[in-house]
Each structure stands twice: as C-alpha cells, then as structure tokens.
Amino acid sequence: MPELKQKKTMKVNVDSELLYKLSHLSRLEFSEKSESDMISDLNGILGWIEKLNEIDTEGIEPLTHISSEVNVLREDHKEPPLDHESGLKNAPKRDSDYFRVPKVIE
Amino acid sequence: MIDFSSFASIRTALHDKKTTVSAIVSHYLQVIEQKNSELNVFLEVYTQEAQNRALEIDKKLSEGTAGRLAGMVISLKDVICHKGHGLQASSKILEGFESQFDATVVTRLLAEDVIIIGRVGCDEFAMGSSNENSAFGAVRNADHPDRVPGGSSGGSAVSVQAGMCLLSLGSDTGGSVRQPAAFCNIIGLKPTYGRISRYGLIAYASSFDTIGIFSKQVEDMALTLEIIAGADDVDSTASQKTVPAYSQSIDAMDKSPRKIAYLARALDDESINPEIRQMMADTIETLKAQGHSVEPVDFQLLDYTLPVYYILSTAEASTNLSRFDGIRYGYRSPDAQDLESLYKKTRTEGFGQEVKRRIMLGTFVLSADYYDAYFTKAQKVRRLIREKMLEVFKNYDFWIMPTTPDTAFKIGELKGETVNMYLADLFTVPASTAGLPAISIPQAKSSEGLAIGLQVVANEFEEEQLLAFTNYLQKLKKGK
Chain A
41 MPELKQKKTM
51 KVNVDSELLY
61 KLSHLSRLEF
71 SEKSESDMIS
81 DLNGILGWIE
91 KLNEIDTEGI
101 EPLTHISSEV
111 NVLREDHKEP
121 PLDHESGLKN
131 APKRDSDYFR
141 VPKVIE
Chain B
-18 MIDFSSFASI
-8 RTALHDKKTT
2 VSAIVSHYLQ
12 VIEQKNSELN
22 VFLEVYTQEA
32 QNRALEIDKK
42 LSEGTAGRLA
52 GMVISLKDVI
62 CHKGHGLQAS
72 SKILEGFESQ
82 FDATVVTRLL
92 AEDVIIIGRV
102 GCDEFAMGSS
112 NENSAFGAVR
122 NADHPDRVPG
132 GSSGGSAVSV
142 QAGMCLLSLG
152 SDTGGSVRQP
162 AAFCNIIGLK
172 PTYGRISRYG
182 LIAYASSFDT
192 IGIFSKQVED
202 MALTLEIIAG
212 ADDVDSTASQ
222 KTVPAYSQSI
232 DAMDKSPRKI
242 AYLARALDDE
252 SINPEIRQMM
262 ADTIETLKAQ
272 GHSVEPVDFQ
282 LLDYTLPVYY
292 ILSTAEASTN
302 LSRFDGIRYG
312 YRSPDAQDLE
322 SLYKKTRTEG
332 FGQEVKRRIM
342 LGTFVLSADY
352 YDAYFTKAQK
362 VRRLIREKML
372 EVFKNYDFWI
382 MPTTPDTAFK
392 IGELKGETVN
402 MYLADLFTVP
412 ASTAGLPAIS
422 IPQAKSSEGL
432 AIGLQVVANE
442 FEEEQLLAFT
452 NYLQKLKKGK
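Listed in order, the protein sequences are those of chains A and B.
Going by this note's numbering, the first residue of the first sequence is number 41, and it counts up by one from there.
Going by this note's numbering, the first residue of the second sequence is number -18, and it counts up by one from there.
Chain A with its partners taken away, still in its complex shape (with noise of 0.2 angstroms):
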C-alpha cells in the first residue's frame, strides 16, 4: 500500500478540525479552553512518539498478543453470569426489566 507508506514519514499536526473528529468518535466534548490544551497535549505526545520512525520494522510482524496460552477451552455449561437484578443495580435509569434512555425513535 503505497499510501499508506508515504504517511509514515509525515508529521502529524492535530488541528481544530481533526480534534473534532477524534473527540466525536470518542464520544467526548472540549470547549474552546480545553480544546487548544488539549491540541497542545497531543501534538507533544506525537511529537515524542515520531522517534518510534527511526527503528527499521521492514519484515517485522506485529505482536498482537502477549499471552501464551492457545485455545484456552472448557465444557460449555449453562449458567446466568449475573441475574437480571444484579445486572440492573447499577443503572442510572431503568425500569423493571430494561436499562431506560431518551427516546431514540420517533
């Protein structure tokens, strides 16, 4: 993928927009203050990690786990890991038998 391999060496700068984006999938909001700290805060820490680009990782396979059991397997058995109740303690809103949240269909 040649793409890919020419933003290897790119220098990563977080802006507005891009902050927008990565909060919006993280589900998270920054307001005017926050977001120029944080923008600051990651383009320091990308800054820092560009120095990963100096080792030569041509060949290498990524190491994806770090455990080595293999197919760690047990008989199946029925069992409720946790029963209704106890499942619905800790929500912030529910009803007898659900979680509630604001209306999602019109």
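Among the hints, erroneous ones may be present.
[To be verified] No farther apart than 25 angstroms at their CA atoms in a straight line, the calculated lysine to any residue pairs in the SDA-like style are these:
1. Lys64(B) with Asn130(A)
2. Lys459(B) with Glu441(B)
3. Lys61(A) with Val144(A)
4. Lys133(A) with Ala317(B)
5. Lys91(A) with Thr399(B)
6. Lys118(A) with Gln221(B)
7. Lys143(A) with Glu321(B)
8. Lys73(A) with Ala317(B)
Source of the hints: derived by calculation from the structure; they are not laboratory data.
Starting from the known structure of chain A, arrange chain B on it as the hints suggest.
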C-alpha cells in the same frame, strides 16, 4: 511484641494465643483513624464488616478450621471488584457503582480468611504516575507528606507503607505497582502477564494489565502470590502453568554464583538522579563481592519503549473505556437531550483530564488514517523489545536496573508536564511491554531521606527465582 508488618510475626502471636484477629483488626483501624485524614489513602473503610469477620475467623482459629491467611489484613486498589462494595476506579463516571461479583483474586483470598479492611485511592482508571489524577484528590506519601506516593497504585502503596494494613493488591500496567513501591520504600511485585487472573479487574490496557502485590516482607508476598495465581475458568488469558509453592522456596537462593545483567546506562546516564546511579554502583559491587558475575547489558530500545507503551496502552484504553456510556452503570449527565448527547455529556463530565487525553490519543492511533503508521508500527517494535529482553535471559538469570529515574517528587511539581510525567515510567515500562515479571525492592535512601528502589526483572514465569533473589538481596542489605 507483634510486628504488624510481618505475617509470620502475626501468625506466631495468634498461634501462641498472645493476640486475636479482632485485636489485629483494631490495631489497623486505629492506624487508619490516626493517619487517613492527612494521607487520603482509604476511600472506604469497612470497619464493622472487618470486625465481624475477625470474630468469625477467631472462632475458626479456636476450632482449627481457619484458612492459611487467617490474621492477614489487606487493602484493595479501587479497580478490583469486591462483591457488595463500592468500586469506581477513582473516577466520577463510576459514581455509586457497587460490584456485583468478586474478582478471582478476591474469591481466592477470602477463601483463605483474609480480611479486606477497605478500598484505597489510585489514579483515575489506573492512569498516572503520581496518584494526583483522582476524583478523590491526591494521596500523600507517608514518609514525606508533601510528596507524591507514585502511581497509579499510590493508595495501595501508602496503606502498606503507613502500616494501615499488612499487604495490598494493586494493578501494574506500565509500572503502577513498582514505581509507587519505590517511592514508598516497600516491595512491589508485577508478575508475568497472565500469572494472575484479571477477572474482576477494571480493564485499562488488556495486553499489559497485571494484578500486583505490595508488602514489606518477601515471604508475605510469596504466600499471597501462591494463593491468587493460576488458571481461571473465567479468564482464558490466565496461564495454565502450575503455580509453584513460592512461599516454600524463598530461601532457596543458594550461595552458587549467579549471572546478573545490569542496565549499562544506569551508571552513567546523566538524566538519572546521581544518588540512584550510586545505588546501582553499590549494588553491583555488593553482588560482585559475593562472587556473582555482574555484567553490563546495553538496551538500545529503551528510549523507544515508552512511545510503544503509550501508543498501545492508549489504543486499548480507548476501546476498553467505551463501555462507560452512562447507560448501564455509574454517572449519567442530567443534561442529555438524546442518545448521542447522553454519551457525550456523561463522558465529558465523568472522565478526568488524563483519562480524556489517553482516550483521544488511543482513538487517534486507531483511526483509519493513522492505524498503520502508529498502532501497527508500535506492535512491531513491541515484538523487537520482547525478543531483545528474552534474549538477555538466555545468558543471565536476572536483570537489574533502577525502578525510577528519580525519587518521589513534590505534589503539583509536574502539573501540566505530560511527557515528563510519562518519563517517570522509563524503567518500568520495558517489563510490561514484554510481559515479564519484575519487582521493586527498597535498596537505598537519598541524602534527603527519599526512598530509592532497585528493580529486578526475570524471565517469564520465573517468579520463584525472582522472589528468592529478592529475599537474598534483602538479607545482604540487612547484613551490612
């Protein structure tokens, strides 16, 4: 005279009928009463429950049916589930949350008659190196109350340091047990990834998270590890490997010479506190004088380990923390109009600054445009780091290095200096990145009286050797 920081001493006193579990609990409750308002360690103290359980365990002792940990009083970091008790990762977003089940570690400890005396504060969602990022305020270092205890398991460390309990369980993702242990002059163990089940531990970065142990005595840590480690039906990442009887082998370090590596730059890197470099030099000399082979090992990847850690751990955190949405548990913003604003306002009002920063960074490195350049790149470098570290253990039994580049800093001193705060974990992050066991041992004091920790890293699942070596080092130090 009972030494309340040694389970052996407590056990002997109980056996000789010189004390009762009730009296032991009263002792710790009294210390908590005296010190907690200043140090801000306990978020909740289970006074009545601990007293009631003490009576039950005293009865069991008199009947000869008590468990192996009867008389042991511990605290739990605010990230470990304890059924029927509050739990909120020191975050507003879990306000009012009550655990509906026990973590596997809690089940195993309670079965051996441990008493849990309370839950202790930490950095929010275990993210931090100073215990200042908490909805409940900063925890203070008991020996130097104007300084931080380290983090994120700062409350756990201070509860043991100040004698408020015998032992504490914390969690270590990038150094959150070892770094506070070093700052608080106690022992802190991060086991091999997967040695202890993570069931019931609030997830931060699932491929790094471990539950760790704080204590003043190696043997207490060994016994506790022996009981909580091992395979678990509800955590498939927990290792199936047999758990050795760690407590039986802590004296097993015979006189035969060992091959010990030390981190080469720990002696001459000027960014490391000179008194910490001196501690390394002294330790190396002591070990050599005992006939061990001690050699420098270079680790060129060290400076790349923190960036790898921050890319991967924040990516995992942004995924894990997506569950905090105000619907099923915890805080919900009262101002939500629709589902999307419910998510956004709840999370914006519920999470603290550092947690938001890490969620944002994690979301960035996982986003389509940057995934390959950051996330995949970091996973590749992680493999190189792990391979390099495993290679060291082909030639050496242990690898020693400082736990931290500097001693405990003043509360507020690093406010706003995000990257400098992250650098506090420089030496602890490698073992986390490679999944290896590591321990911090109180090894020296600075001229200001601040604790200096020595870190010992061992090969995968070599906790038995690691604890025996720790015990040996402690004895060498006492012999001085």
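Structure-based check of all given hints:
1. Lys64(B) with Asn130(A): holds (13 angstroms)
2. Lys459(B) with Glu441(B): violated (29 angstroms)
3. Lys61(A) with Val144(A): Given that 25 angstroms is the threshold and the Cα spacing comes to 23 angstroms, the pair holds.
4. Lys133(A) with Ala317(B): holds (13 angstroms)
5. Lys91(A) with Thr399(B): With Cα atoms ~17 angstroms apart, Lys91(A) and Thr399(B) stay inside 25 angstroms; holds.
6. Lys118(A) with Gln221(B): Measuring from Cα to Cα gives roughly 23 angstroms; hence the hint holds.
7. Lys143(A) with Glu321(B): holds (11 angstroms)
8. Lys73(A) with Ala317(B): holds (22 angstroms)
When each numbered hint is compared with the structure, a violation occurs for hint 2 only.
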